[in-house]
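Trainee: Protein chains in written order, with our numbering: chain G, 71 to 184; chain D, 799 to 917.
The hints are simulated quantities; they were obtained by calculation from the structure and are not laboratory data. Keep in mind that a hint or two might mislead.
Which stretches of chain G does chain D cover? Using the computed rule of at least three CB atoms under 8 Å from a CB of chain D, they are [what the hints assert, rightly or not]:
id: 1; region: 101-113
id: 2; region: 116-124
On the chain G side, residues computed to face chain D include the following (Cβ under 10 Å) [stated by the list, open to error]:
id: 3; residue: A71
id: 4; residue: Q76
id: 5; residue: P82
id: 6; residue: F84
id: 7; residue: R92
id: 8; residue: G132
id: 9; residue: T164
id: 10; residue: S166
id: 11; residue: G168
id: 12; residue: V172
id: 13; residue: T173
id: 14; residue: F174
id: 15; residue: T176
Note that the coordinates shown come from a computational prediction; the quantities given were computed from them, not determined experimentally. Just so it is clear, CB atoms sit at the ideal spot from N, CA and C, and this is done for glycine as well.
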Amino acid sequence: AQSVTQLDSQVPVFEEAPVELRCNYSSSVSVYLFWYVQYPNQGLQLLLKYLSGSTLVESINGFEAEFNKSQTSFHLRKPSVHISDTAEYFCAVTVSGGYQKVTFGTGTKLQVIP
Amino acid sequence: GAVVSQHPSRVICKSGTSVKIECRSLDFQATTMFWYRQFPKKSLMLMATSNEGSKATYEQGVEKDKFLINHASLTLSTLTVTSAHPEDSSFYICSARDTVGRANTGELFFGEGSRLTVL
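Chain G on its own, in the form it takes in the complex (with noise of 0.2 Å):
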């Protein structure tokens, strides 16, 4: 079975700051990788995966993602944060295919400081 862990609950930052939300998953096979992103009362939003080839993935908003397989993980990135980065960031892995159930971590809220 996979697990994900993302050690950081919360993670305040202040407006233009850089940031990392950590991700560190487990698995026996090979897996994709996804972060989705959740804003007050609603549902979750893909913000990246990975599948296969780059290790190194971006989002159209600025964030990328690095797998790092050694080291088992997953981190989020974001050069510049701005308010509006403010929001629950779930990492996720599932069996490579994409038949199996996706398994999320248990989040990490990213508040941004003005």
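Given the coordinates of chain G, work out where chain D should sit on it, guided by the hints.
Mentor: Okay, now just chain D, sitting in the frame of chain G:
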């Protein structure tokens, strides 16, 4: 991306009544949909996997007679909370995969969520 619509977004009901939540895939067909429950400040808990034309698969600890799931078509799954009690109050979110119309990347498309409050 694909669109999943969930309705109602908010519902308040009295204890003992039943509530139905609908989840629709608007622009794709979904043979499988997933129902999650989200507690305050906690992650998503997978409740069950809804399979079109067959019985849902429930996760351990989820009462199937309490949370009835029906997946009657490739675009609609419903979750009915029967005899609701205050402890059933939560945020329920459905999701689906487009495994028919496009290459399956494992990505889940989520509904907007339904906030259930049982008085």
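Trainee: Hint validation: T164 (chain G) versus chain D, beta carbon distance must be below 10 Å. Holds or violated?
Mentor: holds (5 Å)
Trainee: If you take the shortest Cβ to Cβ gap from R92 (chain G) to chain D, is it below 10 Å?
Mentor: violated (15 Å)
Trainee: For the hint on F84 (chain G), does the least C-beta distance to chain D fall short of 10 Å?
Mentor: It is violated, given that the least Cβ distance between F84 (chain G) and chain D is near 23 Å, above 10 Å.
Trainee: Does the closest beta carbon of chain D sit nearer than 10 Å to the beta carbon of S166 (chain G)?
Mentor: This interface hint holds because 8 Å falls under the 10 Å limit.
Trainee: Answer holds if the nearest beta-carbon of chain D is closer than 10 Å to that of F174 (chain G); otherwise answer violated.
Mentor: Hint on F174 (chain G): holds, closest Cβ of chain D at ~5 Å, below 10 Å.
Trainee: So, V172 (chain G) near chain D? Judge it on the closest CB pair being under 10 Å.
Mentor: holds (6 Å)
Trainee: Grab the minimum C-beta distance from G168 (chain G) to chain D and call the hint holds if it beats 10 Å, violated otherwise.
Mentor: Holds, because the Cβ-Cβ distance from G168 (chain G) to chain D comes to roughly 3 Å (cut-off 10 Å).
Trainee: Count the residues of the region 101-113 of chain G whose CB lies closer than 8 Å to any CB of chain D, then report whether that count reaches three.
Mentor: Our answer is that it holds, as 6 residues pass the Cβ test (under 8 Å) against chain D, meeting three.
Trainee: Holds or violated: A71 (chain G) as interface residue toward chain D, Cβ cutoff 10 Å?
Mentor: Cβ of A71 (chain G) sits 12 Å from chain D, so the hint is violated.
Trainee: Any CB of chain D closer than 10 Å to the CB of T173 (chain G)?
Mentor: Holds - the Cβ of T173 (chain G) comes within 10 Å of chain D, reaching about 8 Å at its closest.
Trainee: With 10 Å as the cut and Cβ atoms as the points, is Q76 (chain G) at the interface with chain D?
Mentor: holds (8 Å)
Trainee: Double-check P82 (chain G) for me: the hint is only fine if its C-beta lies closer than 10 Å to a C-beta in chain D.
Mentor: violated (15 Å)
Hints 3, 5, 6, 7, 8 from the list above are not met by this structure, while the remaining hints are.
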